[in-house]
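Peer 1: Sequence:
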Amino acid sequence: MRGKNDVPSVFLTLCRIGEMSRQEIDDSWSKITDKTFLEFSRWLIDETKLSDSQAVGLQKLVEAPQGEEQKALGQLVQTFSPDQKQQASAKLLSSLVANLQEFYNTLYQGKTMEQKQVIDAFLKSKEEN
1 MRGKNDVPSV FLTLCRIGEM SRQEIDDSWS KITDKTFLEF SRWLIDETKL
51 SDSQAVGLQK LVEAPQGEEQ KALGQLVQTF SPDQKQQASA KLLSSLVANL
101 QEFYNTLYQG KTMEQKQVID AFLKSKEEN
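Heads up, the sequence shown is in UniProt numbering, so the first residue is 1 and it goes up one at a time.
Think of the hints as simulated: they come from the structure by calculation, not from any bench. Watch out, some of these pointers could steer you wrong.
Unchecked claim - Distance condition first, Cα-Cα at most 27 Å in a straight line; then the derived BS3-like pairs of lysine-lysine:
id: 1; residue 1: Lys85; residue 2: Lys124
id: 2; residue 1: Lys60; residue 2: Lys71
id: 3; residue 1: Lys60; residue 2: Lys31
id: 4; residue 1: Lys31; residue 2: Lys116
id: 5; residue 1: Lys71; residue 2: Lys49
id: 6; residue 1: Lys60; residue 2: Lys91
id: 7; residue 1: Lys126; residue 2: Lys60
id: 8; residue 1: Lys60; residue 2: Lys35
id: 9; residue 1: Lys124; residue 2: Lys60
id: 10; residue 1: Lys31; residue 2: Lys85
id: 11; residue 1: Lys49; residue 2: Lys85
id: 12; residue 1: Lys91; residue 2: Lys126
id: 13; residue 1: Lys116; residue 2: Lys71
id: 14; residue 1: Lys60; residue 2: Lys85
id: 15; residue 1: Lys91; residue 2: Lys71
id: 16; residue 1: Lys49; residue 2: Lys35
id: 17; residue 1: Lys126; residue 2: Lys111
id: 18; residue 1: Lys124; residue 2: Lys31
id: 19; residue 1: Lys116; residue 2: Lys126
id: 20; residue 1: Lys31; residue 2: Lys111
id: 21; residue 1: Lys49; residue 2: Lys91
id: 22; residue 1: Lys91; residue 2: Lys111
id: 23; residue 1: Lys85; residue 2: Lys71
id: 24; residue 1: Lys91; residue 2: Lys31
Build out the structure end to end from the sequences listed, making use of the hints.
Peer 2: So, in structure tokens, the structure goes:
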């Protein structure tokens, strides 16, 4: 969904607190976004009733080169009805949140008490903003 250097700053900071290298951070973000897109694509295929033109857009999304997924997704979403847009947005967001939560749980489990306290304080400060 994003390029290598487009890791969101909150994710980047959280990973740095967890003492991850930049390569580990980039790999983790890539895995999260790839998994989210895969789940979203499967949902589109299995759960929605796409028209023929929308199915073509989905095919372009699935075949999009890495880094071009967002453009292909935007083109596909332009063909959606308002209800389809709302459902797709909700599904994409819920999938991303679930994948981020899974990552966070794994990251958090392997940390010392001090690291956990720093992570908790950082996340709490982000909630307040």
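Peer 1: Does the alpha-carbon distance linking lysine 49 and lysine 35 stay inside the 27 Å limit?
Peer 2: holds, 22 Å
Peer 1: Do the alpha carbons of lysine 60 and lysine 85 lie within 27 Å of each other, as the hint requires?
Peer 2: Roughly 18 Å separates the two Cα atoms, so the pair holds.
Peer 1: Is it true that the CA of lysine 49 sits at most 27 Å from the CA of lysine 85?
Peer 2: holds, 13 Å
Peer 1: Is lysine 124 close enough to lysine 60, meaning Cα to Cα at most 27 Å?
Peer 2: Status violated; Cα separation ~40 Å.
Peer 1: Quick one, are lysine 126 and lysine 111 close enough, alpha carbons at most 27 Å?
Peer 2: With a Cα-Cα distance of about 20 Å, the restraint between lysine 126 and lysine 111 holds, given a limit of 27 Å.
Peer 1: When you check the alpha-carbon spacing of lysine 71 and lysine 49, does it fall within 27 Å?
Peer 2: Satisfied, since the Cα-Cα distance of roughly 22 Å is no more than 27 Å.
Peer 1: Regarding the pair lysine 116 and lysine 71, is the alpha-carbon distance no greater than 27 Å?
Peer 2: violated, 37 Å
Peer 1: So if I understand the rule, the pair passes when the alpha-carbon distance is 27 Å or less; does lysine 126 with lysine 60 pass?
Peer 2: violated, 36 Å
Peer 1: Is lysine 91 close enough to lysine 126, meaning Cα to Cα at most 27 Å?
Peer 2: holds, 24 Å
Peer 1: Given the hint that lysine 31 pairs with lysine 116, test it: the Cα-Cα distance must not exceed 27 Å.
Peer 2: Holds - the C-alpha atoms of lysine 116 and lysine 31 are around 23 Å apart, at most 27 Å.
Peer 1: Can you confirm whether the C-alpha distance between lysine 31 and lysine 85 stays at or below 27 Å?
Peer 2: holds, 25 Å
Peer 1: Check the hint pairing lysine 124 with lysine 31 against an upper bound of 27 Å on the C-alpha distance.
Peer 2: holds, 25 Å
The structure fails hints 1, 7, 9, 13, 22 (numbered hints given earlier, in ascending order).
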